[in-house]
Amino acid sequence: MIGEILTALGIMTGMGLAFAAVLAMAYRFLRVEEDPRLEVIEELLPGNNCGACGEPGCTAFAEQLLAETVAPGKCTVSDGDTLVRLADLLGVGVGAEEKRIARLKCAGGRSNVKALAQYRGMSSCRAASVVDGGGHGCSWGCLGLADCERACTFDAIRMNEDWLPVVSPEPCTACGDCVEVCPQDLFVLVAESHKLFVQCNAPLSGEDAVARCRVACDACGRCAADAPEGCVEMVNNLPIVHYDTPCQPSPEATWRCPTGAIQWLEGEQFAEPEEDAPPWRTYG
Amino acid sequence: MSTAAAAEARPRSFRGGVHPDDNKRATDALAIERMPFVDEYVMPLSQHIGAPAKAVVMVGERVVRGMPIAEPGAFISTSLHSPVTGRVKAIELRLHPNGKMMPAIVIETDAYDSQRLPAAEPVDVAALCADEMVALVQQSGLVGLGGAAFPSHVKFKVPDDRCVQAVVVNGCECEPFLTCDHRLMLEQPQGVVRGTKLIMSQVGCERGYIGVELNKRDAIAALRAAAPPEIEIVPLQVKYPQGAEKLLIDAIFKREVPAGGLPLDIEMLVNSVGTTLALSDWLDRGVPLIERVVTVTGPGVAHPRNLLVPLGTPLSAVLEHCGGLVPGAHQVVLGGPMMGMAQKSLGVPVLKGTSGILCLDRTAAAPVREYACIRCGRCAEACPMFLNPTRLAQLARFEHVEELEANSLLNCFECAACSFVCPSHIPLVQWMRVGKGMLRTWKASS
Numbered sequence: 001m002i003g004e005i006l007t008a009l010g011i012m013t014g015m016g017l018a019f020a021a022v023l024a025m026a027y028r029f030l031r032v033e034e035d036p037r038l039e040v041i042e043e044l045l046p047g048n049n050c051g052a053c054g055e056p057g058c059t060a061f062a063e064q065l066l067a068e069t070v071a072p073g074k075c076t077v078s079d080g081d082t083l084v085r086l087a088d089l090l091g092v093g094v095g096a097e098e099k100r101i102a103r104l105k106c107a108g109g110r111s112n113v114k115a116l117a118q119y120r121g122m123s124s125c126r127a128a129s130v131v132d133g134g135g136h137g138c139s140w141g142c143l144g145l146a147d148c149e150r151a152c153t154f155d156a157i158r159m160n161e162d163w164l165p166v167v168s169p170e171p172c173t174a175c176g177d178c179v180e181v182c183p184q185d186l187f188v189l190v191a192e193s194h195k196l197f198v199q200c201n202a203p204l205s206g207e208d209a210v211a212r213c214r215v216a217c218d219a220c221g222r223c224a225a226d227a228p229e230g231c232v233e234m235v236n237n238l239p240i241v242h243y244d245t246p247c248q249p250s251p252e253a254t255w256r257c258p259t260g261a262i263q264w265l266e267g268e269q270f271a272e273p274e275e276d277a278p279p280w281r282t283y284g
Numbered sequence: 001m002s003t004a005a006a007a008e009a010r011p012r013s014f015r016g017g018v019h020p021d022d023n024k025r026a027t028d029a030l031a032i033e034r035m036p037f038v039d040e041y042v043m044p045l046s047q048h049i050g051a052p053a054k055a056v057v058m059v060g061e062r063v064v065r066g067m068p069i070a071e072p073g074a075f076i077s078t079s080l081h082s083p084v085t086g087r088v089k090a091i092e093l094r095l096h097p098n099g100k101m102m103p104a105i106v107i108e109t110d111a112y113d114s115q116r117l118p119a120a121e122p123v124d125v126a127a128l129c130a131d132e133m134v135a136l137v138q139q140s141g142l143v144g145l146g147g148a149a150f151p152s153h154v155k156f157k158v159p160d161d162r163c164v165q166a167v168v169v170n171g172c173e174c175e176p177f178l179t180c181d182h183r184l185m186l187e188q189p190q191g192v193v194r195g196t197k198l199i200m201s202q203v204g205c206e207r208g209y210i211g212v213e214l215n216k217r218d219a220i221a222a223l224r225a226a227a228p229p230e231i232e233i234v235p236l237q238v239k240y241p242q243g244a245e246k247l248l249i250d251a252i253f254k255r256e257v258p259a260g261g262l263p264l265d266i267e268m269l270v271n272s273v274g275t276t277l278a279l280s281d282w283l284d285r286g287v288p289l290i291e292r293v294v295t296v297t298g299p300g301v302a303h304p305r306n307l308l309v310p311l312g313t314p315l316s317a318v319l320e321h322c323g324g325l326v327p328g329a330h331q332v333v334l335g336g337p338m339m340g341m342a343q344k345s346l347g348v349p350v351l352k353g354t355s356g357i358l359c360l361d362r363t364a365a366a367p368v369r370e371y372a373c374i375r376c377g378r379c380a381e382a383c384p385m386f387l388n389p390t391r392l393a394q395l396a397r398f399e400h401v402e403e404l405e406a407n408s409l410l411n412c413f414e415c416a417a418c419s420f421v422c423p424s425h426i427p428l429v430q431w432m433r434v435g436k437g438m439l440r441t442w443k444a445s446s
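Taken in sequence, the protein lines are chains P and L. Here the numbering used here is used: the first residue of the first sequence is 1, the next is one more, and so on. Here the numbering used here is used: the first residue of the second sequence is 1, the next is one more, and so on.
Be a bit skeptical, because a hint or two may be false.
[What the hints assert, rightly or not] Calculated pairs, BS3-like style, for lysine-lysine (alpha carbon to alpha carbon, straight line, at most 27 Å): (1) L:K100 x P:K114; (2) L:K89 x L:K54; (3) P:K99 x P:K74; (4) L:K100 x L:K443; (5) P:K114 x L:K89; (6) P:K195 x P:K74.
Derived from the structure by calculation, the hints contain no laboratory data.
Start from the sequences, fold in the hints, and give me the full structure.
Shown next as structure tokens:
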């Protein structure tokens with residue numbers, strides 16, 4: 001009896017020692033050197049895997065940081081302190097990346113855009129866009145069914161009373177999920193300092209545009225005339241603001257806009273609609 | 001005759017499908033009437049599947065009825081012809097029945113013109129080589145008039161290693177409410193047979209088949225009286241969607257078109273009755289596709305009719321000609337109730353693919369409440385393409401794009417049999433379309 005127990009013990013001990021030896025050898029000869037800083041960096045990064053930096057996730061971004069192909073500032077989600085600690089750890093500059101925000105190229109909420117018919121299908125922009133784009137009178141505008149609100153990982157988008165998505169600049173990380181999900185391709189990521197912004201996407205002009213939406217750009221061209229030379233250009237009935245040229249856009253360009261399609265944006269894009277603003281409908 | 005009687009006793013069909021109320025009574029006894037000319041016609045440059053056509057007229061130019069106003073933008077694209085004699089008023093963005101603003105040629109009618117079409121010599125089809133035929137059909141602007149509006153000339157482009165074994169004419173008209181093909185077969189059986197013969201002689205095929213659902217016995221009789229022995233009239237069971245070309249082939253020949261393929265892959269050529277007739281008009285009389293038969297029907301319109309409408313006529317004008325909408329009218333659908341698309345504006349024009357204008361009232365278009373899937377499996381039973389619609393809808397809802405492809409979403413042709421039978425009123429077809437959109441963007445990005 002005792003002998004059997006001892007034999008078993010002996011076999012187990014022997015096997016244990018043999019495997020330990022194999023593992024020790026593997027550790028010695030097959031070891032992969034990994035930078036110990038990788039773990040520390042990952043710890044510092046937010047870990048949302050939002051993709052705003054352009055990498056598939058935080059680990060991939062950490063690897064890129066170690067390879068020094070990107071600067072820590074590329075992570076727009078981390079706060080300033082974290083970025084400084086990351087930069088110190090790596091011995092590089094923060095490489096401040098300007099914060100970008102998602103902005104909507106449409107201000108046609110339901111009180112301003114004409115509804116030709118009532119859409120009663122699935123409550124999703126993508127679903128409405130496959131069946132005639134819902135009942136909207138403007139075929140370029142926001143459908144207002146909140147696909148972007150649902151897609152936003154950071155709860156930065158909230159639908160207002162006018163059925164327009166309001167992006168809060170604070171939590172927005174410019175990850176681009178809303179840009180991808182919008183079937184009308186209305187979201188753009190703009191730098192925070194780029195305050196002159198055109199809130200319309202309809203290539204119509206004059207009465208044709210305003211008959212569909214009260215806040216549409218009617219292509220009058222006043223913004224292009226009022227802005228510094230070469231700053232705003234009319235292309236395909238819509239103003240394009242050039243930030244890549246030396247000229248500095250100023251709020252002047254918005255002063256004479258008859259519909260408010262061009263705006264000087266500080267903070268959130270849309271104000272809450274007035275309480276007595278009824279939806280603009282043409283059906284009974 | 002005994003074999004034919006036996007065939008009618010046990011009519012041919014496909015597996016799956018549904019039996020909606022056919023509602024054809026209102027218009028199936030009404031002869032086709034011509035819609036009078038109106039003041040303005042809107043011809044969107046994109047009325048067919050494929051690249052939009054390119055305008056060849058300028059604003060202010062005088063156009064004659066039947067004259068080309070736009071040329072094909074690519075091989076899978078076709079021409080447009082002026083539906084009236086008049087003047088080009090504008091080339092601008094106009095609301096298209098797909099809900100978008102699309103470029104269109106707007107033509108103002110010349111009120112003092114006779115609108116007579118110039119006479120033309122018949123074309124000797126047998127003398128044409130295949131490529132000439134393709135080019136000739138493309139010049140006519142002909143597309144599949146069943147509803148999909150696929151350019152017809154593409155079908156005549158038979159690869160060299162293929163030889164068409166059977167020419168099939170689709171006279172099923174399985175969509176409820178629509179009766180335009182029924183009336184065409186009844187009123188112009190010789191024309192349908194003539195068109196079939198022209199196609200047969202062009203592609204060098206000995207056998208023709210015209211498939212007609214059994215709810216159109218008078219049309220079957222009229223075609224039988226007109227058809228030579230090499231063209232067989234095949235009575236088919238009344239079932240939706242019998243008129244889908246793959247299912248028509250399945251019903252007549254018990255053969256399957258490969259997934260993602262065309263009937264040409266199994267050496268067959270399918271055209272609808274309307275297309276066949278329009279082809280014979282073009283080849284014999286030189287009439288391009290400038291008008292089509294549209295069934296205006298439903299409980300929401302005062303006088304349902306089968307109308308020969310010039311393309312580009314606004315829906316409002318057509319409805320006005322039919323006595324207008326009745327007070328309870330609630331929804332106007334272009335096409336049939338199963339695959340048609342509800343419209344948001346009556347300013348949109350009749351297009352090449354518009355087979356019907358269906359006006360529904362409050363009861364027919366009543367809103368439904370959606371419930372959760374109860375796994376009854378009726379959608380899978382109804383699906384003629386052997387798909388699992390509820391699974392596909394789930395995958396689309398949760399954006400599992402790769403699995404959508406693995407579950408053969410692209411085989412779905414949106415017949416809506418699944419949505420029709422769903423006891424939980426899940427908008428399955430809408431999910432299919434959303435899923436297809438996701439699949440397209442995913443494929444484009446990867």
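Handout entry: Structure-inconsistent hints, enumerated in ascending order
Key = Of the numbered hints given earlier, the structure breaks none, since each of them holds.
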